[in-house]
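Going down the list, the sequences are from chains A and B.
Per our numbering, the very first residue in the first sequence carries number 761; after that it's consecutive.
Per our numbering, the very first residue in the second sequence carries number 890; after that it's consecutive.
Treat the hints as calculated values from the structure; they're not laboratory data.
Under the rule of at most 30 Å between Cα atoms (straight-line distance), these lysine-lysine pairs were calculated in the DSSO-like manner:
(1) Lys1378/B / Lys868/A
(2) Lys993/A / Lys768/A
(3) Lys1404/B / Lys865/A
(4) Lys1155/B / Lys1181/B
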Amino acid sequence: MSKEELDKKSMAALLGIASAWYDQMKAGEIPSISLPTRTKYNIEFDDASEVWKYGEKESMRTAASAKSATHLLKMAYVIGFVKQQLIENRSSTLREMYYISEGWKRAKFGAQDESNFLIEDLEILTEVPREGFHLRPEEDGASIYGPMRIKEMTRRGLKTIHCQDDVGGAGYSIPNNVENIEFVDHNAKFVIALETGGMYDRLIENGFDEEFDAILLHLKGQPARSTRRMLNKINATWGLPILVFTDGDPWSYRIFASVAYGAIKSAHMSELLATPRAQFVGLQPSDIRDYNLPSDKLSEKDIEALNSELTDPRFATDYWKKQINLQLEMGLKSEQQAFAARGLDFVTKKYLPERLSAMGII
Amino acid sequence: MVLADELAKQQRSISVAEFFEKNKHLLGFDSPTRGVITTIKEAVDNALDACEEAQVLPDIFISIKKVGNEVFRIIVEDNGPGIIPSQVPFVFGKLLYGSRFHQIRQTRGQQGIGISAAVLYAQLTSGTPTTVISRTGAKEPAHKFEILIRIEANEPDIISQGPIEWDRTHGTRVQIEFRSTMSAKKKLVEYLRYTSVVNPHARFRVELDDESFTFERVSQEVIACPVAIQPHPHGIEFGQLKRLAAASNQKLMDFLAGTFSRVGKKTALEMCESAGLKSTAKVGSLSADELKALLAAMQVVAVPAPPTTQCLSPIGEELIRRGLDKEFQMDFVAARTRPSSVFSGHPFMVEAAIGYGGKLPAEGNAILIRFANRVPLMYQQGACAITQCVTNVNWKAYNISQQGFPVGPILILVHVASTNVPFTSESKDAIANIPEIEKEVTLVLQELGRELKHFVSRRDRNQLAEDRARAVCAIIPELAVKVSEIVEKPVVDTAPIEGKLMRKLIAKRWTEKGKITIEINNYTGNAAEISIYDISGDNAEDATSVPAFVNEMDGQFTKVWKASIPPQTVWRVSYSGKGGGMIEIRGIEENKKMVVDLDV
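This is chain A alone, in the form it adopts within the complex (with noise of 0.2 Å):
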């Protein structure tokens, strides 16, 4: 779509929902909206596009009250504000909008998850994603380091880049906008993305990318949209495997779900953002068992975690209740660069190379 398509789309999906108020008050009615439930208990899984999606339960959002009445209004601001930079083609970050929001008097948020809240609750209502509002994220993008050329507009025009040849040792930063990005070429067999900095820069300093014709990515912990976008369109546009490499417990194993199946938070846009090809490489709970690894004693808030993935339909499947069961009995996490344990060179020689090829990639 293009951006003058979007803009247009989101203008008209704005003005709808405030016409609806505004015909529900013409009507001596009492403005509603309703808004599907966002939680895990309502994701369910698209066989078509093969991504969790938000399921059929809606909650009604109406201005009965004192607390829904200001959500509406703030609601309602929300909107002026962005049908105003539409008109006036800019844009802001969220958390600009969050300052500008100081004054609107009563409409003015009380935090900025209040304001990123009610972006991604207008995202649902329009089906345009925040881009389409001009509204940019304050995340900064991971980088990206490997065999593969794309060319970016950057307001300072069109550029070509190379990934290994013409960036730093630090790699590509991966823009907010990433559907400005247009994926030129590549001499890759795989792309495997690292939760942790430790772990790419290791990859990077042992050569790995060369050796194995990879390319690395850092998802800097739960990764930013922009992160997931740059997968999905990698892996849309090249057919590339997507590999991700994370420490051993359950909040990693969550950056991993994120990442191939979408996010609960953002399960309306699973379809942009998951990858649902994407492989879970490790560190397995059976890995700190076969490896031997360093490991720490789960605490409370872990076995809470794990016992949740349990229930989570993104989790529902023999490899993951094997492996969370196995991790609970053990009670032990481990990170990623445990590893270091064997040598410095255990991961790149050893690890990946035998997990990798056992996984049918090499």
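Following the hints, complete the assembly by docking chain B onto the known chain A.
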């Protein structure tokens, strides 16, 4: 010389005064700070007990002044019946001398230790004798004494005595000086406040250094003085039985029927039979073994509970409420007096109250104030059976959050009245774990919990209605303005939504560009004849509708409009000013009106 002889030289009797000199903590004199509170407590207890006996409304004056380096002079003065001169030295100068120890009725002081312990404490820390002035009536002169205690003998040591001019016609004044600090001032004021809550018939005038304040009485009724009852067979112990028996020359059956409460001829006969004793046996000549058998029989035979109405003096639900209202500004107070009950033959009664909201601290644990025989218990809260009952009640069942203690703006008052309050120690700080008492305390707390739950849920319902009114009357109109601006259409009128939802008389007030507007929509089916009270700093000189009257007080103007508003119509007034203040509508039922201040 053998060791036993050696030891024998050191063995001698210990006077009770000597014993307490070494064990001050047993009487509540463990530290100088606490000494002040204990002294005042003992003196006030005596004053209140004396006034009750004389059936006068207590007027008690309390003064604490620093008179030297760390030396404080404490004065407590009452308008009680006074003490006859020959008794004064013994009351103040001899430990364990009292009138109430042998009586079975509810009193504050019991053993006759308290005030003389304070005299002893003063003597030990400052060396100053205690000054007592007492007068028994207008026709009698007042007498002044300066008293010390001869510690080895536990006898009074009168330094000086003689008649003196005194402006009170009857009463007692005690002046004690000892080394102390005023670091417990807050606790002292708390003690006096709590005392005033459970003695709503008393007035306390207090002078603390240079501060002075009064806890007023809220009841003009003298409380009935509890009447002593006979001991109950279930509450008696061997020593007491032996003493009673030795003093009697009656036949066993007459002794039993005549000495114990609720024992008639039939019950007495049953006891004799059960003990295997002749009913005609002389009591005075019974052997120790026979008395033991008798005591056992007395416990086995069923005897009705002792009478409780005369020997106990509960405060009463109404007076507890008034006492609490006076000292704590709360949104809700409920009080309960449980029916009297008995443990080990001792009658007792539990009263309690629960207060909520108002000026109580909104966060943290509930405030618990404990009383025994109208005396606040200020120390050892954790060791007290009352505290354990409070934490054992499942407050969550009454929608009150709980972390051991209930949490929130809650005040709990528990009063245990008994002819013999079972304390954990002689300093009388905490009530012992007696299952009968615990059961009554738990029941009364549960009753009060239910009442509080009703209050809170009723309040929540009202809040919900108010919340809805805010949404409809304040936020939806704003939403209408914004939405109309976005869709570029004329501003949609939200009055129909208001009317449909509220079906009430809705008064709104808002300030805009230096103009205050009051708008009243009558969405009810009937005409409303109302008065609008608007109190603020504005005089409303240019009001579009002239007020029926305006009244100024301290720069605040009360404007009153009278309006007759037919159903489905609007009444409006506006004037220049700054706004603020408050608005009230009178002349219509509470549930038919809703006032919304849009400036808030």
